[in-house]
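A.B. asks: Spelled out from the first residue to the last, the chains are:
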Amino acid sequence: LAKTTQPISMDSYEGQEVNITCSHNNIATNDYITWYQQFPSQGPRFIIQGYKTKVTNEVASLFIPADRKSSTLSLPRVSLSDTAVYYCLVGDPNYGGSQGNLIFGKGTKLSVKP
Amino acid sequence: NAGVMQNPRHLVRRRGQEARLRCSPMKGHSHVYWYRQLPEEGLKFMVYLQKENIIDESGMPKERFSAEFPKEGPSILRIQQVVRGDSAAYFCASSPLDDQETQYFGPGTRLLVL
Numbered sequence: 193l194a195k196t197t198q199p200i201s202m203d204s205y206e207g208q209e210v211n212i213t214c215s216h217n218n219i220a221t222n223d224y225i226t227w228y229q230q231f232p233s234q235g236p237r238f239i240i241q242g243y244k245t246k247v248t249n250e251v252a253s254l255f256i257p258a259d260r261k262s263s264t265l266s267l268p269r270v271s272l273s274d275t276a277v278y279y280c281l282v283g284d285p286n287y288g289g290s291q292g293n294l295i296f297g298k299g300t301k302l303s304v305k306p
Numbered sequence: 183n184a185g186v187m188q189n190p191r192h193l194v195r196r197r198g199q200e201a202r203l204r205c206s207p208m209k210g211h212s213h214v215y216w217y218r219q220l221p222e223e224g225l226k227f228m229v230y231l232q233k234e235n236i237i238d239e240s241g242m243p244k245e246r247f248s249a250e251f252p253k254e255g256p257s258i259l260r261i262q263q264v265v266r267g268d269s270a271a272y273f274c275a276s277s278p279l280d281d282q283e284t285q286y287f288g289p290g291t292r293l294l295v296l
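Line by line, the protein sequences give chains A and B.
Start counting the first sequence at 193; every next residue gets the next number (the numbering used here).
Start counting the second sequence at 183; every next residue gets the next number (the numbering used here).
To be clear, the hints were calculated from the coordinates, so they are not data collected in a lab.
Even for Gly, the Cβ is constructed at its ideal location relative to N, Cα and C.
You may find that some hints are simply not true.
Okay, the calculated beta carbon distance ranges per label pair [stated by the list, open to error]:
#1 N249/A / N235/B: 30 to 38 Å
#2 L272/A / T284/B: 23 to 31 Å
#3 A220/A / N235/B: 42 to 50 Å
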């Protein structure tokens, strides 16, 4: 599975837009990009997934350039409750039964201040 | 539709005892994954199971750790003769058959070995 690189931490203020970029230079053709959010003492929670261009849901947007070697998670107008660790993962959702593991890095620790 | 359930949420064991961690996947999910998370670290994959089958155990320590997902009942992660280094948060995730990339995580079991 492709290795990802993302900033260890980011600071922001309430109401700002936050963009977290993830590098995945070795992404394979069948790989999708998935972001998870983890609050302290909780399990990770799925945020968004995409393959190319742009994906948007009620929580976030995901921007993926044409070469797919990076992706950017965009959180509009963050609040204090968005303080969490955000993980970027790449992998093939259609494993064919031989693999199932997600590879988590250390993630990006986002701190939102009032 | 209840989410992934894990119990106990907290478990304290003395060195040499056994720890049994339980995970009930979301209804309709046939895939279960176990991850371990040390403080300030990302999650590390341990094992991937389907009903009555271990698909991938490449992340499991060779000794003292075992996992099962019986036809009936929850998945069990079993740690025999626990040591202090086993202290960590253990997360279970489940996914549906047709989307293994989107995993839904439980709240975790925090194991403390004294």
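A.B. asks: Take the C-beta atom of N249/A and the C-beta atom of N235/B, compute their distance, and say whether it sits inside 30 to 38 Å.
C.D. replies: holds (33 Å)
A.B. asks: A range of 42 to 50 Å was offered for this pair. Does it hold for the Cβ distance of A220/A and N235/B?
C.D. replies: Distance hint for A220/A, N235/B is violated at roughly 26 Å.
A.B. asks: Could you say whether the range 23 to 31 Å given as a hint is met by the Cβ separation of L272/A and T284/B?
C.D. replies: Holds: the Cβ-Cβ distance is about 27 Å, inside 23 to 31 Å.
Hint 3 from the earlier list is the only one contradicted by this structure; the remaining hints agree with it.
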